[in-house]
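Based on the hints, put chains B and C in the right spot on chain A.
In case you want the letters, here they are:
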Amino acid sequence: MFKLLKRSALVGACLAGALGMAAGPAAASFPERTVTYVNPFSPGGECDIVQRMQQEPLRSELGVDVVIEYREGGGGAVGWTHVSRQRADGYTFACFSIPHIIAQPMTRNPGYQTDDLKVIYTYHSTPQVLVVRNDSPFQTLEDFINAAKENPGSITVGGTGTASGNHLGAVRLMRAADIRLTWIPFPGSGPTIPALQGGHVGALMTNSTMYVQNKDRFRALAVSTEERVDFLPDVPTFKELGYDVVEAIYRGALGPAGMPDEAVNRIAEALDKVNRAQAERKQEMGFQMHYYGPEESAALVERLKVEYRELLDELGMLR
Amino acid sequence: MNAKNFNTDIIAGLGALGLALVFWFAREPWTPLSARWPNAILVFIFASAAFLLVRAFIRPERGPIFDEGSKLRMLIAAALLILWASLIEHLGFMVTSVLVFYGFWWYVTRAAKKVEGDTSPISLFAYLRAAVVTVLLVGSFHFIFTKYLYVPLPRGILM
Amino acid sequence: MFESVISGLMAVLGWEALLLVLIGTVVGLFVGSVPGLTATMALALLVPFTFTMDPLSAMVLLGAVYVASMYGGAFTAILINTPGTPGAIATSLDGYPMAQQGKAELAILTATVASVVGGVISVIFVLLLAAPLTEIAIRFGPAEYFWVAVLGLSLIGALSTGSLVKGLMGGAIGMLIGTVGVSPLGGESRFLFGTSELQGGVNLIVALIGIFAVPELIRLSATAMRTVSIDYSKGGEKLSHVFWITCGRPFNVIRSSVIGLIVGIIPGAGNNVAGLVAYNEAKRADRDPASFGKGNAQGVVASESSNNAAVAGSVVPLLTLGVPGSPPAAVMLGALMLHGIRPGTALFVETGTLAYGFIFSLGLAALALLIVGVIGGRIICRAVCTVPLGFLVPTIAFMTILGAYSMRNSLVDVFIMVGLGIFAYVVRYFGIHAAPIALGLILGPIAEDGFGMAMLQGTARFGPDQAALALFVNPLSWMLIALTVLTLVWPAIQNRRGRKRMTSGSVE
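Going down the list, the protein sequences come from chains A, B and C.
Its first residue numbered 58, the first sequence is counted upward by one per residue in my numbering.
Its first residue numbered 189, the second sequence is counted upward by one per residue in my numbering.
Its first residue numbered -6, the third sequence is counted upward by one per residue in my numbering.
So that you can see chain A by itself, here it is in the shape it has in the complex (with noise of 0.2 angstroms):
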């Protein structure tokens, strides 16, 4: 029953195989300290099961300790504001996701401005799927856009929260198909799962990853990316079917704003084998994979800054 060594004997020999790439190019002296990531969210959130994947091999591959801080707090905004104001040395950095870091600060004072932030590393993404109950009367997107001309907002769709990557998904549909909608946000993304179940909804425009795990209960209409998915390779993207629906929660590493070169582009090197090494298993979750590096990342948030500013104006959410 218990495989308990032999599992071991897996990771350790996984973890010698990190240890060993490591060993190559250590000529750089950061770090020589305990690092510390920063999770602003709460324990068992998306953030943390990465964090937490990461941890031991983000360890081996960095040479020192790797603690995971909890700043919950404001939809992640008091560990960012925290990061923010950090001694920016590198030895502080936080997992971060878009939209939040951009739109945060464009519809609040969160007490951060994206710009005090420096993105280091974007390791994967969540594509928004569009999902109902097996049993709904809509079997295709069409049905479902259909059914919202029919009746304008009789179609309620449940997500996270407001001006969040699953509501800004909703909009994005509303735009393109030119349908209204009644989006109910929910205080986080589990109660949304019961709630389609139940029937209290109508749709879900959620993350890949919630998707993938209810599979069995659940049909996706559509996925938001430019080209479909690989662990989704049945589900038509909003694109092929004709409505410019692309939109996705970005997570990945930031700290503070003036780090040193050398700090950045160590530990984006040390995340890239990481998140490269985990891969597979990611995948299997549900996340869409990405390795952008500090330029990649920086540019992913210039363009996306230019369209949130746009959606949450036309949604009147900008301060």
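For the record, the hints were derived by calculation from the structure and aren't laboratory data.
Just so you know, even glycine gets a beta-carbon here, dropped at the ideal spot from N, CA and C.
Hints may contain errors.
Said to hold, decoys possible - Output of the computed footprint for chain C on chain B, the stretches with three or more beta carbons under 8 angstroms from beta carbons of chain C:
1. 230 to 238
2. 259 to 273
3. 294 to 308
Coordinates of chains B and C only, in the frame set by chain A:
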């Protein structure tokens, strides 16, 4: 001052009214989704405060206030807690806790002796023992929390 | 299915699993009895250690910590009137008065036995009825969340010791404090008073430590007399006597366990409310409701059996739907995902050994409490009752400060804790007690979210003018409304009956 009963309705009514007013004027132009709930709570507090203020003149609830033990000790205990919270940022968790803990021990021990009618001074042995206990207790928790629970307790002047 | 149940049972009866259960309960007991250390935090720290274990061992360890920490909250509730977990609020209502009367150890042991019984009963129910119980979690929509919060708030009437208006006012103040921070649905920041530090809002545990522990602390300093004691004149408490208290009235403990299980299934609300609901029902059913709140052991039995049954309850939606019913369950879901296991009804079919083994292990953890709890409980109880006051007071103060800080690693939380504590100490003299404030803090956000979402649903379904109809269309809503009305009206009925009995008695 002899023990007397106060009209607690008028105090509670005015206090709640004041609290609700502070929050009322701290509101911002939120969307209905965020505004409806706090508004409803504030209206409820206003209404119940009004009820208490009316009752205060008709058939008030009366009771003694701050009648348990010494008022001075009560104030000092509260002040020690505030001091504890305020000093952590400057002196660090360890140093502050040792100092305030020891002060607290001395103050409460002295008070307990007085209440029991024991007039003997605190012995030197007791002072020493308390110092050891303080350092050991604070130190061991500090160690467990920083080393095993990864709680980043402020280090302050101990670098 | 039957084979899965058996193989699950066999899997957790090995020495390795039993050892994990034992370790888990000891860790959980420590975590639960230190104010400010929460099950959520402990589980999050343990998750990396479970990577190298097989999934079942991992879940067994995490489950045991969860069960034991829920129970450990009773210690502080009884000994220093401070519920270490929200679930233990109802425990303090009678447990603390018991301790004041010299029955501290009896209260602790009663809490232990009640927890064990509650844990075991709930596990039996979950094993037999996992699928139908899942239905309950699904039926709960926004309107039902709103009504369950209202039902909880109506308990203020039943629980408050003084004036009802002041009790409700305390509840409203608790709800007001609960609105500080970023609103969960609208995403707007409220009542920050110009700071960015308050945007994380007031953490529930931080607030609980403040409003319960600080007043106790100030009172201890002001009177310079200890309040809690063990009366040794009759010798130590015998376990058989405690068993008689708990199981001598089987109705109370069974009813409370079932209530805890069912309420615990409701994701997001369950664990915090279960104890209070069961307490209220116990009080209503008792022949002498007036004795509750003054040290009636049945109050402790109701609260503790219920909040431990709620643990098994919160595991049901976790395993069958992949929906965590509580923050600690959220961490366990994360652990399952890290092991590549997808919760859902398929879990019971595909990996039945894991699902059933895990459920069995919760029962084992409950049984382990009997050993760990009786020993640990006695030690902690005697320590608190005999340590000189000069050490007890600063130790409690130290724990509150340390606990408040470690909740979110924030100094702001320490100030919030001290501030709310002094506030709670002062307003108690004007008739506003801590329990209603705590109830408001817990239930305010649930009520707000439920109401907000139900109104949006209503707008979609009935149009903006009749949006409120959404609150009244489901039979489950009607049931909750009826329960609320009953809770509100019952004390009046009981009063009248009591008066009649008294008058007829005086005539005879």
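Taking the hints in turn, this is what the structure says about them:
no.	hint	verdict
1	230 to 238	holds (count 5)
2	259 to 273	holds (count 11)
3	294 to 308	holds (count 8)
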